[in-house]
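Below are the chains, spelled out letter by letter.
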Amino acid sequence: MFNSQKVSATRLTIAIIVTLFMLFPLYWLLITSFKPAEELKSAIPTFWPKHFTFQNYVDAFNKAPFLRYGMNTLIQTVGVVTLQVNIALLAAYAFAKGNFFGRDKLFLAVIAAMVVPEQVVFVPVYVMMANVGWLNTFWALIVPNAVSAYGIFLLRQAFKSINNDVIEAAKVDGAHRLHILYRILTPMALPTLVTVLIFKIIGSWNSYFWPLVMTNTDNMRVLTVGIAMLKSSIAGNEMLNFQLIMAGSVLVAAPIVILFIFTQKHILTAMSNSTFK
Amino acid sequence: MSSEIKLTKHVPTKKRSLLNIKRRESTKDFLFALPALLLLAIFTYYPLVNSVFISFTDWNLIRPIKKFIGLTNYQNLLVDPEFYHVLKVTFLYTIIEVSLELLLGLGLAVLFNVTARSFGVMRSILFMPHYISMVVVSMVFVWIYNTDYGILNTVLKLFGASPVSWLNDPSTALWAVIIVAVWKGVGFTSLIFISGLRGIPIEYYEAASIDGAGKWKQFLKITLPLLSPTTLFLVITSFISSMQVFQSVNIMTNGGPLKATKVMVYWIYDLTFVQFKAGKGSALVIIFFFIIVLLTAIQFAISKKKVHYEG
Amino acid sequence: MKMKKWLVGLTTAMLVMSSMIGCSSSTPTSTNASEATAPPATEDKTPVTIQYWHAHDDDQKAALENMVQEFNKKYPWITVDTVFQGDYDTLQQKLQAAIAAKQVPAVTNIEVHALPQFADSGVLMDLTPYISRDKLDTNDFSEGMLKAYSYQDKQFGLPLIVSTSVMVYNKTMFDQEGVKPPQTWDEIEEFAKKLTKKDGNEVSRYAFSVPGWDTWYFDPWIENGGGAILSDDMKTAMIDQPDSMKFMKLFKDWKDKGYMHIGYGKGASGNMRQMFFDGKIGMVEHTSALIKWYIETAKFEVGVSFLPGDKKRNSHMGGASIAVMDGIKDNEKEAAWKFVQFMTGAENNIKWAEGTGYLPTRKSAISSEEGKAYFAKYPQYKAVFDNFDNVIGPPKSPAFNEASAAYEEAMGKMVLNGEDPETLLKDAAKKMNDILKDQ
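These protein sequence lines map, in sequence, to chains G, L and W.
Going by the numbering used here, the residue at position 55 of the first sequence is 56; the numbering climbs one at a time, nothing skipped.
Going by the numbering used here, the residue at position 241 of the second sequence is 269; the numbering climbs one at a time, nothing skipped.
Going by the numbering used here, the residue at position 174 of the third sequence is 303; the numbering climbs one at a time, nothing skipped.
By construction, these hints were calculated from the structure, which means they are not laboratory data.
Since we're looking at a predicted model, the values are computed, not measured.
Hints are supplied without guarantee of correctness; some may be wrong.
[Said to hold, decoys possible] Not close to chain L: a few residues of chain G, all C-beta gaps over 10 Å, as computed:
id	residue
1	Tyr-58
2	Pro-66
3	Val-79
4	Ala-110
5	Asn-132
6	Thr-138
7	Glu-169
8	Ala-170
9	Ala-176
10	Pro-188
11	Met-221
12	Ile-235
13	Phe-243
[Said to hold, decoys possible] In silico SDA-like cross-links for lysine to any residue, where the CA-CA straight-line distance does not exceed 25 Å:
id	chain 1	residue 1	chain 2	residue 2
14	L	Lys-50	G	Leu-269
15	W	Lys-384	L	Ile-315
16	L	Lys-95	L	Ile-315
17	W	Lys-409	L	Asn-181
18	W	Lys-560	L	His-113
19	L	Lys-95	W	Tyr-280
20	G	Lys-106	L	Ala-189
21	W	Lys-559	L	Asp-86
Where is the CB? At the ideal position from N, CA and C, for every residue including glycine.
Produce the entire structure from the sequences given, and follow the hints as far as they go.
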């Protein structure tokens with residue numbers, strides 16, 4: 002960012018305390034995953050493991066194919082996000098700049114879809130997937146999630162704030178519709194696009210219910226489902242195995258946390274330049 | 029706009045060619061929206077319509093035959109005290125969660141809206157919980173809230189308080205679940221508020237300072253009104269997602285203890301898949317859908333009058 | 130116009146799709162018509178793959194893999210795909226979705242309480258004709274176990290993992306304090322008085338614990354007091370009868386005196402176990418499936434006793450059956466049936482029981498040399514088998530799961546709010562009657 006502001010000591014102190022407070026649960030997650038089982042039950046909790054161990058990770062990898070889960074999650078995320086962003090760009094353009102019968106009513110229908118939880122629609126979709134033979138394949142994980150109403154909404158807002166003259170000028174030059182969308186409008190709405198991209202990566206990487214339902218075998222499961230399965234495979238004993246569950250949880254969260262640490266500067270800039278209205 | 033299309037019927041034939049172009053244009057526009065519309069129709073609206081049919085039957089989800097029973101499921105739901113209890117819990121959860129997330133989010137936004145580098149780092153830490161899976165977050169908090177070995181009760185004991193069964197006490201469970209959601213969401217909310225704050229032209233504040241308005245007055249008279257579009261966006265999106273809370277409840281409490289955290293989507297899920305009452309569950313889906321749509325529409329209607337959009 | 134053609138095509142596609150879906154959920158399957166004949170046994174050895182959806186947790190994984198290996202030695206042309214689908218609830222939900230989609234696994238676990246729902250809906254294959262065709266000696270199973278998985282005189286599953294609730298106690302502690310696990314309700318008061326420890330007002334050691342989070346654990350207490358949960362015709366709730374309410378009044382009394390711990394809500398099971406291991410509870414009622422686990426995990430000697438009785442001395446059966454789904458091909462049915470027979474067969478019964486911690490199910494296996502060695506190794510299981518005729522199945526009503534939620538809640542209100550048992554159970558009975566009436 003630009004030049005730094007001067008910050009008062011009080012403000013800095015409060016900010017640091019708040020940050021540490023917010024960070025604590027994640028610290029606790031990480032640190033628990035390195036503790037041996039007995040240390041979890043000691044009367045005085047240790048803020049740093051007395052006996053630092055990687056055993057929980059070894060156990061987690063032995064009990065479940067986390068690499069496979071990770072690959073599946075990655076494929077699902079790339080597929081879903083690619084489709085969502087492109088379909089959203091097209092639709093946002095149509096709803097922001099296009100002219101067709103019933104445009105605004107149809108847009109409302111898109112927005113209304115946001116309020117339908119996946120838990121209420123999945124049975125008919127599951128049956129559909131079975132009928133076309135897509136169950137337990139990436140198709141079932143990706144295609145039904147290819148539309149993001151939220152993404153359409155945000156991109157439409159961004160496109161609407163772009164002056165029509167830009168489009169008219171391009172049209173006069175004989176530019177094709179897709180050209181206008183991808184070469185002219187999209188760069189102008191880049192912060193919003195990046196923001197949508199981030200939201201969708203987060204959403205897809207962490208989706209749980211949908212992949213849980215649509216996959217039936219271990220080699221198609223994603224990380225979130227894998228950790229939930231690990232938890233239920235030691236069901237009831239969870240009190241005695243929290244260190245293991247925490248290790249598995251770190252494996253689920255780590256890739257996305259690392260991704261964000263390396264890109265956070267761009268993300269925060271993009272988000273603060275997007276409009277949320 | 030649509031008015032142009034209506035006009036076409038009254039236009040003399042000479043202008044047809046121009047109109048054809050227009051029509052072709054609008055067809056092309058429509059084609060751009062088509063993929064989204066089609067997928068939504070298949071994967072959202074068709075299942076919803078399907079639910080309407082099921083809601084008129086006594087289907088148990090696995091029996092091949094569904095018996096038509098008219099409005100019975102709806103009637104049973106509307107006289108069931110549990111329906112009103114679940115509605116109450118869902119609203120309580122939503123209202124408290126959204127208010128806390130917005131208030132704290134705004135507070136954090138004001139606190140962290142500083143361009144210093146250290147603040148940038150801290151902002152990204154605040155945002156972190158937002159991108160970690162709710163499955164993971166719920167499990168971490170199950171551990172933190174644990175009655176006998178959880179860190180929260182250990183800290184309480186240090187201060188001489190007696191331990192609390194956070195997730196197993198009906199008076200605390202809903203709060204415990206709300207806190208998790210607030211912790212997860214507040215960093216995100218504050219980032220959005222910050223982007224809103226940065227959109228307010230600095231000249232407004234300069235002018236107000238010249239007029240002798242204090243910091244607090246500036247906040248009330250400039251910041252809040254100019255943030256209202258951002259606030260509306262956040263209210264509506266967090267309202268919708270809070271109403272649909274499911275995962276944290278499913279992992280942390282299963283709707284308990286004594287139904288203290290039994291929220292709408294959890295009940296729908298429970299009715300359909302645990303109790304084998306797909307008909308009743310579907311009726312609840314339809315009622316719930318209309319409640320959310322209605323309330324979202326009301327929020328939009330109110331905001332149209334109150335929200336201050338620039339330009 | 131191009132556009133219109135497009136739309137017509139699209140609409141047709143959607144109509145076709147929706148009619149397909151309509152069909153799949155409204156055409157009755159042939160289940161109920163499955164007469165009492167099975168296809169003749171064939172010597173067909175064409176390779177076939179069957180899926181087995183299960184809920185065997187991590188501790189049972191090795192035993193399962195071993196069984197599948199043994200099965201493959203015997204039937205090399207049958208491949209069994211085992212898939213862990215989570216706990217019983219998740220497995221049940223996945224099964225429901227699979228049934229709706231008509232893409233079911235060949236073999237699955239059906240939890241004992243869920244069997245009536247699935248059997249009543251006609252989605253499970255009736256095993257009776259196969260049993261008579263292959264002259265399977267069902268008398269080798271204990272009668273109660275077999276009955277728990279029959280519905281309206283048809284056998285829909287065979288007992289695979291059978292458990293019952295027992296009292297697991299800290300024998301080291303009991304020996305030190307000079308107490309023995311109570312065998313009757315009358316003995317509980319004195320036993321508990323001796324074992325309970327208090328630090329001022331706080332209980333630092335409870336004498337015993339009965340889980341309140343699942344009615345399965347206190348259902349036998351209702352019956353042992355002389356009461357009943359449902360009437361014999363499954364149409365009326367009986368939990369508001371004086372004898373049925375006796376246990377909860379006693380529970381409240383014992384709880385108020387600090388003798389008894391009652392776990393309630395999610396995670397209560399884990400906490401109870403941990404308190405037991407920490408010596409904060411002397412004796413816990415828990416599933417026999419965990420006896421072996423308790424013995425291996427505890428740092429003290431673990432003893433097992435049957436539930437104390439009053440007018441009766443029952444305990445309920447838990448666990449799951451192995452069942453065959455109806456909507457599969459005939460050759461898969463044949464393979465699935467072979468797998469079911471193998472999994473529940475006498476030859477590997479003791480090994481299976483030892484590997485999973487569940488109870489042996491075959492009389493011939495129990496009396497075999499291998500069986501004797503097993504009981505010598507784990508004498509704790511003897512308490513269960515000495516009383517095995519008293520282990521009965523849960524009430525067999527498709528509405529039982531829903532109805533039991535009402536008195537489970539009553540238990541919760543007693544535990545958490547200290548409300549009056551009589552009022553609670555009377556209210557619960559009313560709710561249950563409404564639910565039962567709807568069936």
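Structure-based check of all given hints:
1. No Cβ of chain L comes within 10 Å of the Cβ of Tyr-58 of chain G; the nearest lies about 15 Å off, and the non-interface call holds.
2. Chain L leaves Pro-66 of chain G outside its interface by the beta-carbon criterion, the shortest separation being 18 Å against a cut-off of 10 Å.
3. Annotated as non-interface, Val-79 of chain G keeps its C-beta farther than 10 Å from every C-beta of chain L; the closest such distance is 16 Å.
4. At the 10 Å boundary, the C-beta of Ala-110 of chain G falls inside the reach of chain L, the nearest C-beta of that chain being 7 Å off.
5. With 10 Å as the threshold on Cβ separation, the claim that Asn-132 of chain G sits away from chain L holds: the shortest Cβ distance comes to roughly 12 Å.
6. Here Thr-138 of chain G stays apart from chain L, with its beta-carbon at least about 16 Å from theirs, past the 10 Å limit.
7. Non-interface call for Glu-169 of chain G relative to chain L: holds, since the shortest CB-CB distance, roughly 13 Å, exceeds 10 Å.
8. Remark: the non-interface label on Ala-170 of chain G is consistent with the geometry, its nearest Cβ contact in chain L lying 17 Å away (cut-off 10 Å).
9. Chain L leaves Ala-176 of chain G outside its interface by the beta-carbon criterion, the shortest separation being 13 Å against a cut-off of 10 Å.
10. No Cβ of chain L approaches the Cβ of Pro-188 of chain G within 10 Å, the least distance being about 18 Å, so the stated non-interface status holds.
11. The claim that Met-221 of chain G lies off the interface holds: its Cβ sits roughly 17 Å from the closest Cβ of chain L, which is beyond the 10 Å cut-off.
12. With a least beta-carbon separation of about 12 Å from chain L, Ile-235 of chain G lies farther than 10 Å from that chain, consistent with its non-interface assignment.
13. Distance check on Phe-243 of chain G: its Cβ comes as close as 5 Å (rounded) to a Cβ of chain L, failing to clear the 10 Å threshold; non-interface status is violated.
14. For the suggested pair Lys-50 of chain L and Leu-269 of chain G, the alpha carbons sit about 41 Å apart, so the restraint of at most 25 Å is broken.
15. For the suggested pair Lys-384 of chain W and Ile-315 of chain L, the alpha carbons sit about 42 Å apart, so the restraint of at most 25 Å is broken.
16. Under the criterion of a C-alpha separation no larger than 25 Å, the hint pairing Lys-95 of chain L with Ile-315 of chain L is consistent with the structure, at around 21 Å.
17. This hinted pair checks out: Lys-409 of chain W and Asn-181 of chain L have alpha carbons roughly 18 Å apart, not beyond 25 Å.
18. For the suggested pair Lys-560 of chain W and His-113 of chain L, the alpha carbons sit about 15 Å apart, so the restraint of at most 25 Å is met.
19. For the hint linking Lys-95 of chain L to Tyr-280 of chain W, the alpha-carbon distance of about 23 Å falls within 25 Å, and the restraint holds.
20. Taking the CA atoms of Lys-106 of chain G and Ala-189 of chain L, the gap is near 57 Å; set against the 25 Å cutoff, the hint is violated.
21. Between Lys-559 of chain W and Asp-86 of chain L the CA atoms are separated by roughly 22 Å; this keeps the pair inside 25 Å, and the hint holds.
Violation of the numbered hints given earlier is confined to hints 4, 13, 14, 15, 20; the remaining hints are satisfied by the structure.
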